[in-house]
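Taken in sequence, the protein lines are chains R and W. When we follow the numbering used here, the leftmost residue of the first sequence carries the number 1, and every step to the right adds one. When we follow the numbering used here, the leftmost residue of the second sequence carries the number 1, and every step to the right adds one.
Worth double-checking, as some hints may not be accurate.
The list treats identical chains as one, so a pair stands whether inside a single copy or across any two.
Dumping the calculated SDA-like pairs for lysine to any residue here, alpha-carbon to alpha-carbon at most 20 Å [to be verified]: (1) Lys135 - Leu201; (2) Lys135 - Gly207; (3) Lys135 - Asp159; (4) Lys135 - Gly203; (5) Lys135 - Arg214; (6) Lys135 - Leu44; (7) Lys135 - Arg249; (8) Lys135 - Ile210; (9) Lys135 - Met167; (10) Lys135 - Val164; (11) Lys135 - Ser71; (12) Lys135 - Glu200; (13) Lys135 - Thr163; (14) Lys135 - Ala250.
No lab work stands behind these hints: they were computed from the structure.
There are 2 protein chains.
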Amino acid sequence: VILGLVGCGHIGGSLALALRQAGAAGRVFGADRDGAAAARALSLGIIDQAASVAEVAAAADVLVLAVPVLSIPACARAIAGALRPGAVVTDVGSTKASVVRACAQILPRFVGGHPMAGSERAGPDSADARLFAGKRVILTPTAGTDRDALGAVARMWRDVGATVVEMDPTRHDAVVAAVSHLPHAAAYALCAALTGEAPELAGLSGGGFIDSTRIAATPGAMWVDVFLDNRGPLLSLLDAYRDELARLRAAIAAGDGAAIAGLIDVARAARARIVS
Amino acid sequence: VILGLVGCGHIGGSLALALRQAGAAGRVFGADRDGAAAARALSLGIIDQAASVAEVAAAADVLVLAVPVLSIPACARAIAGALRPGAVVTDVGSTKASVVRACAQILPRFVGGHPMAGSERAGPDSADARLFAGKRVILTPTAGTDRDALGAVARMWRDVGATVVEMDPTRHDAVVAAVSHLPHAAAYALCAALTGEAPELAGLSGGGFIDSTRIAATPGAMWVDVFLDNRGPLLSLLDAYRDELARLRAAIAAGDGAAIAGLIDVARAARARIVS
Numbered sequence: 001v002i003l004g005l006v007g008c009g010h011i012g013g014s015l016a017l018a019l020r021q022a023g024a025a026g027r028v029f030g031a032d033r034d035g036a037a038a039a040r041a042l043s044l045g046i047i048d049q050a051a052s053v054a055e056v057a058a059a060a061d062v063l064v065l066a067v068p069v070l071s072i073p074a075c076a077r078a079i080a081g082a083l084r085p086g087a088v089v090t091d092v093g094s095t096k097a098s099v100v101r102a103c104a105q106i107l108p109r110f111v112g113g114h115p116m117a118g119s120e121r122a123g124p125d126s127a128d129a130r131l132f133a134g135k136r137v138i139l140t141p142t143a144g145t146d147r148d149a150l151g152a153v154a155r156m157w158r159d160v161g162a163t164v165v166e167m168d169p170t171r172h173d174a175v176v177a178a179v180s181h182l183p184h185a186a187a188y189a190l191c192a193a194l195t196g197e198a199p200e201l202a203g204l205s206g207g208g209f210i211d212s213t214r215i216a217a218t219p220g221a222m223w224v225d226v227f228l229d230n231r232g233p234l235l236s237l238l239d240a241y242r243d244e245l246a247r248l249r250a251a252i253a254a255g256d257g258a259a260i261a262g263l264i265d266v267a268r269a270a271r272a273r274i275v276s
Numbered sequence: 001v002i003l004g005l006v007g008c009g010h011i012g013g014s015l016a017l018a019l020r021q022a023g024a025a026g027r028v029f030g031a032d033r034d035g036a037a038a039a040r041a042l043s044l045g046i047i048d049q050a051a052s053v054a055e056v057a058a059a060a061d062v063l064v065l066a067v068p069v070l071s072i073p074a075c076a077r078a079i080a081g082a083l084r085p086g087a088v089v090t091d092v093g094s095t096k097a098s099v100v101r102a103c104a105q106i107l108p109r110f111v112g113g114h115p116m117a118g119s120e121r122a123g124p125d126s127a128d129a130r131l132f133a134g135k136r137v138i139l140t141p142t143a144g145t146d147r148d149a150l151g152a153v154a155r156m157w158r159d160v161g162a163t164v165v166e167m168d169p170t171r172h173d174a175v176v177a178a179v180s181h182l183p184h185a186a187a188y189a190l191c192a193a194l195t196g197e198a199p200e201l202a203g204l205s206g207g208g209f210i211d212s213t214r215i216a217a218t219p220g221a222m223w224v225d226v227f228l229d230n231r232g233p234l235l236s237l238l239d240a241y242r243d244e245l246a247r248l249r250a251a252i253a254a255g256d257g258a259a260i261a262g263l264i265d266v267a268r269a270a271r272a273r274i275v276s
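Next up, chain R with everything else stripped away, as it sits in the complex (with noise of 0.2 Å):
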């Protein structure tokens, strides 16, 4: 199987790199619009060749489109004339309603997907051949998707350590923007509401600070893209949010122990739920 990568950061590095770990891929076609991270990319064997991405696109069976979401629709145009005959295309974006409709009117064997994985870290220099061992891969076929290409994309995952769930894209989306994006437009707005305190915090931050605000040390760029395209589930989870807090305020304020062991009990028992 050649493969092809638009895109050569954390997610496409690392899903390369696994699959030749796996020896599951032949030869890898990169590209990425900043030349400097194909060359890197380049230089870390995480690819074979750099090259365009039309010169991908000609070259590989297997195509992962690892870019931010809003750019998956103008790259599925750019390699749509290029294609091999039967060639497979897969993307790894954290909304899937958009870009599966999107693409699927584009690519004859399109198939949704979103690793579950990941880390703060960006760039082909944050590659780990390990990201995706014992993760869920939500992938996200229509009743339009062709089933041999949704089979070569399930079984490109599994070869890497990971499991295959299937969803509906407009499900998936809710999903995510609960256990991922809701979460790190929280921490984000968290970090921001501390930037006018004192430099005695420098160094006194407990695990739990590091930990709880890991993802708001994420870069911007896949971020924008992902509260922009999903922004319908998102907005409602932080209207919820923002009441939830806003009851947790006012029990503070009144002094009501009793309504906030409430609130506290009612948050772990549904942290328990998900996270099991």
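Start from chain R and add chain W according to the hints.
Positioned in the frame of chain R, the structure of chain W alone reads:
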């Protein structure tokens, strides 16, 4: 040094274990309002003898009050009459202004303390002798604090591998409101806001969700007290956080990618300053 432990939970138990392993504690007497917890601490080798609070006070050279913060003043009153001459008393509570004010009036050799370490776990079974290694401990002496007592408490924390920092009690409360109490409140509210979400979420959370909400798994007993006792600084920060969330929500609703990117940059810079 005979150690007296009032409260045999996660922090108190970890400290006793760590002092024993460092060879810095002789006999350890432990009390807990939950008799089963004291018995468990005894069987785990955290304490040598389970006793009443008065017995612990009568036996110990150094007493550590490791109970929820709103229980500390009553605890101080309970031990005051039974203390050995020269006995040093400290605490591990997450707030300091009210604790230090109350205890200074009751105990002649009291030093307020707060280890910047912990986890979402609770009870003697979660005691971890390595919990404080490499961590900071904030001590909050005032003009009236006995200097020998301060030295003894600082030595105790250095014996378990921690670095001691001194800070004014009120300043301490403002700092921890930012790096600890606000993140805990935010994580509890976030999880509570997801209560109504569909069961598909279970098992699909990635590492980002698990890490960012881990602190929301902490049992509520100590946090109700912390939120109530530190409500002044915490309410101000909750308001700043509410405003920042509203700003992010407005940018997303307006489709303003530049505003979202700007907020993310501010958040990342603030976090880098605090965590560094």
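Cross-check of the supplied hints:
Within a single copy, Lys135 and Leu201 get their C-alpha atoms only as close as 35 Å, which misses the 20 Å cut-off; across copies the closest is 14 Å, which meets it. Within a single copy, Lys135 and Gly207 get their C-alpha atoms only as close as 24 Å, which misses the 20 Å cut-off; across copies the closest is 9 Å, which meets it. In the homo-oligomer, the alpha carbons of Lys135 and Asp159 lie at most 20 Å apart inside one protomer (12 Å), although the nearest pairing across protomers, at 41 Å, exceeds that limit. Only between protomers do Lys135 and Gly203 lie at most 20 Å apart by alpha-carbon distance; the minimum there is 10 Å, versus 32 Å within a single protomer.
For the homomeric pair Lys135 and Arg214, the shortest alpha-carbon distances inside one copy (19 Å) and between copies (18 Å) are both at most 20 Å. Proximity of Lys135 and Leu44 under a CA criterion of 20 Å is satisfied in neither setting, with 24 Å inside one chain copy and 36 Å between copies. Taking the closest pair of Cα atoms, Lys135 and Arg249 never come within 20 Å of each other, the shortest separation being 36 Å inside a single copy and 30 Å across copies. Taking the shortest alpha-carbon separations for Lys135 and Ile210, only the inter-copy value of 13 Å comes in at or below 20 Å, while the best intra-copy value is 23 Å.
For the homomeric pair Lys135 and Met167, the shortest alpha-carbon distance inside one copy (16 Å) is at most 20 Å, but the shortest distance between copies (44 Å) is not. Taking the shortest Cα distances, Lys135 and Val164 sit within 20 Å of each other inside one copy (9 Å), while across copies they are farther apart (40 Å). When the C-alpha separation of Lys135 and Ser71 is checked against a cutoff of 20 Å, the pair qualifies neither within a copy, at 25 Å, nor between copies, at 43 Å. With identical chains, the CA atoms of Lys135 and Glu200 are at most 20 Å apart between copies only, with a shortest distance of 16 Å across copies and 38 Å within one.
Taking the closest pair of Cα atoms, Lys135 and Thr163 come within 20 Å of each other only inside a single copy of the chain (6 Å); across copies the shortest separation is 37 Å, beyond that limit. With identical chains, the CA atoms of Lys135 and Ala250 are never at most 20 Å apart, being 39 Å at best within one copy and 33 Å at best between copies.
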